[in-house]
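The opening position of the sequence shown corresponds to residue 1 in our numbering, with each subsequent residue numbered one higher.
Among the clues, some could well be false.
[Unchecked claim] With beta-carbon atoms standing in for the labels, derived distance ranges:
no., residue 1, residue 2, range
1, PHE439, ASN237, 46 to 52 Å
2, LEU274, SER173, 25 to 31 Å
3, ASP291, SER411, 38 to 44 Å
4, ALA429, GLY24, 19 to 25 Å
5, GLY191, LYS407, 33 to 39 Å
6, ASN279, ILE206, 34 to 40 Å
7, ASN85, GLY197, 44 to 50 Å
8, SER173, GLY29, 30 to 36 Å
9, THR42, ASP235, 33 to 39 Å
10, ASN47, GLY191, 22 to 28 Å
11, PHE300, GLY24, 50 to 56 Å
12, PRO401, GLY24, 26 to 32 Å
13, ALA416, GLY24, 35 to 41 Å
14, ASN447, SER173, 38 to 44 Å
[What the hints assert, rightly or not] Listed below are the simulated DSSO-like cross-link pairs for lysine-lysine, each with C-alpha atoms no more than 27 Å apart in a straight line:
no., residue 1, residue 2
15, LYS433, LYS463
16, LYS407, LYS433
17, LYS413, LYS463
18, LYS407, LYS463
19, LYS413, LYS433
These are computed hints drawn from the structure, not numbers from a lab.
Think of the CB as a built atom: it goes at the ideal place given N, C-alpha and C, for glycine as much as any other residue.
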Amino acid sequence: MKKFTFIFTLLASTFAFAQVPCAGGNAAGFPCEGFNLQFDITPGGMNASAANDSWGWTDPQDGTEYAIIGLDNGTAFFDISDPVNAIYLGKLPTHTSSGIWRDVKVYDNHAFVVAEESGHGMQVFDLTRLRNVTNPPEIFTEDGHYNGFGRAHNIVINEDTGFAYAVGTSTFSGGPHFIDISNPTSPVAAGGYSLDGYTHDAQVVIYNGPDTDYTGREIYMGSNEDNLVIVDVTDKNNPQSISIGTYGNVGYTHQGWFTEDQRYFIVGDEIDELNFGFNTRTIVFDVSDLDNPTFFFEYFGNTPAIDHNGYVVGNTYYMANYNAGLRAIDISDIDNQNISEVGFFDTIPGTNSAGFGGTWNVYPFFASGNIVISGDEGFFLVHNPILGIEDIVQGDFVMYPNPANDKLTISSKDEAISHVEIYNILGQAIVNKSFSNNFTETLDISNLNSGMYLVKINGSTTKKLIVN
């Protein structure tokens, strides 16, 4: 058998250092599929009573990855360059009193922290200070502060423009409060938008999607309790309402995220599971015409747990699903209204009920593929070797159907097929077949269990396969 020299060198190193592999649906007592447990720590281990939000920072100087964990009494920082031996570097205490809600984002090597507590404002912390911690855990002080508002539910940052958007404040009717953070430690008020009322969470991007009327504009996508609002915030002195998106059986429009082509916007409704008895419901809007966002379809998960925050990386939507933990949803066939769960890590064994405990947030944007999970149980660091290396090596091959059941067909217009290997999540070769250099081949995969696999074609092209 040929060596899988690139992909599975990475896989081998992942498993060599993985603290607790997900085996038999379990990792250290936590239900799982596909995600290995690298590290975990309780709130008590961070001298706190509860954890909440999270984000991450990658040091541009050397690529070191850091996890940032919101706590009831401050913000904790971890060096995760050795993911199974993450180092708790210290804490930035809250600016005022302790509380349940805290939110953090990153821009230009600085963390920006808000909280629901009266008078908190926005803390600014220089993350480069984490390079030189010699006696962890330290108690840090803030490097800047913005007091243009007191409490805020969330902070949103557009890293392409250097503007932050505080939402859920007592200013601008709870709508976005604009802040110029181009000089991070000296934030400057830049106006706001109040026309559509309270925003719970938002995403702001420089638009490069299918609606060419708005190419290059700064577009605000606000989850506003009972609808989706779309606003052009390019001119901070004159933000312009574009449209409002609606859907049925509204509980509480909580948060949303663009697909990478900006054709769809995926929304989580936080209360619909409680109000209507749904399994976890995810709403997908077609926003190819920003002037006319339309409900496209809804996806129901495998449990009744409430969804919280969700983010898109490539063809995967990573959802913080409260009592059901982290859920990974394959959205590669979203055009055909076909998305499906391909992995999970549940931080609360024994219950998937529609309650507000468990996983509040996930951060899936590290280049390493390590994923931060934060919530009531503390901080978990997990890794999925399949999703983390999705489509590393592309080629002129088409593989269908995917997901597949009994048969898998591989075809190419230009390159004959000589050899196909299929590897499971543990890096074990379970199919190894040679062919006669035809341009189309069909494999019998009826003996494969449901799950995720890597298919290597001709020793050079690697694709992810889902077997139902």
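Do the hints match the structure? See the list:
1. PHE439 to ASN237: 46 to 52 Å: 59 Å, violated
2. LEU274 to SER173: 25 to 31 Å: 26 Å, holds
3. ASP291 to SER411: 38 to 44 Å: For SER411 against ASP291, whose Cβ atoms are near 40 Å apart, the range 38 to 44 Å holds.
4. ALA429 to GLY24: 19 to 25 Å: 21 Å, holds
5. GLY191 to LYS407: 33 to 39 Å: 58 Å, violated
6. ASN279 to ILE206: 34 to 40 Å: 35 Å, holds
7. ASN85 to GLY197: 44 to 50 Å: For ASN85 and GLY197 the Cβ distance comes to about 46 Å; the hint holds.
8. SER173 to GLY29: 30 to 36 Å: Since SER173 and GLY29 have Cβ atoms about 46 Å apart, the given range 30 to 36 Å is violated.
9. THR42 to ASP235: 33 to 39 Å: Distance hint for THR42, ASP235 is violated at roughly 47 Å.
10. ASN47 to GLY191: 22 to 28 Å: Violated - the Cβ-Cβ distance for ASN47 and GLY191, about 38 Å, lies outside 22 to 28 Å.
11. PHE300 to GLY24: 50 to 56 Å: 26 Å Cβ-Cβ, so the 50 to 56 Å window is violated.
12. PRO401 to GLY24: 26 to 32 Å: 28 Å, holds
13. ALA416 to GLY24: 35 to 41 Å: 40 Å, holds
14. ASN447 to SER173: 38 to 44 Å: 60 Å, violated
15. LYS433 to LYS463: 16 Å, holds
16. LYS407 to LYS433: 14 Å, holds
17. LYS413 to LYS463: It holds: about 17 Å lies between the C-alpha atoms, which stays within 27 Å.
18. LYS407 to LYS463: Holds - the C-alpha atoms of LYS463 and LYS407 are around 16 Å apart, at most 27 Å.
19. LYS413 to LYS433: Holds, at roughly 20 Å.
Of the numbered hints stated above, those contradicted by the structure are hints 1, 5, 8, 9, 10, 11, 14, listed in ascending order.
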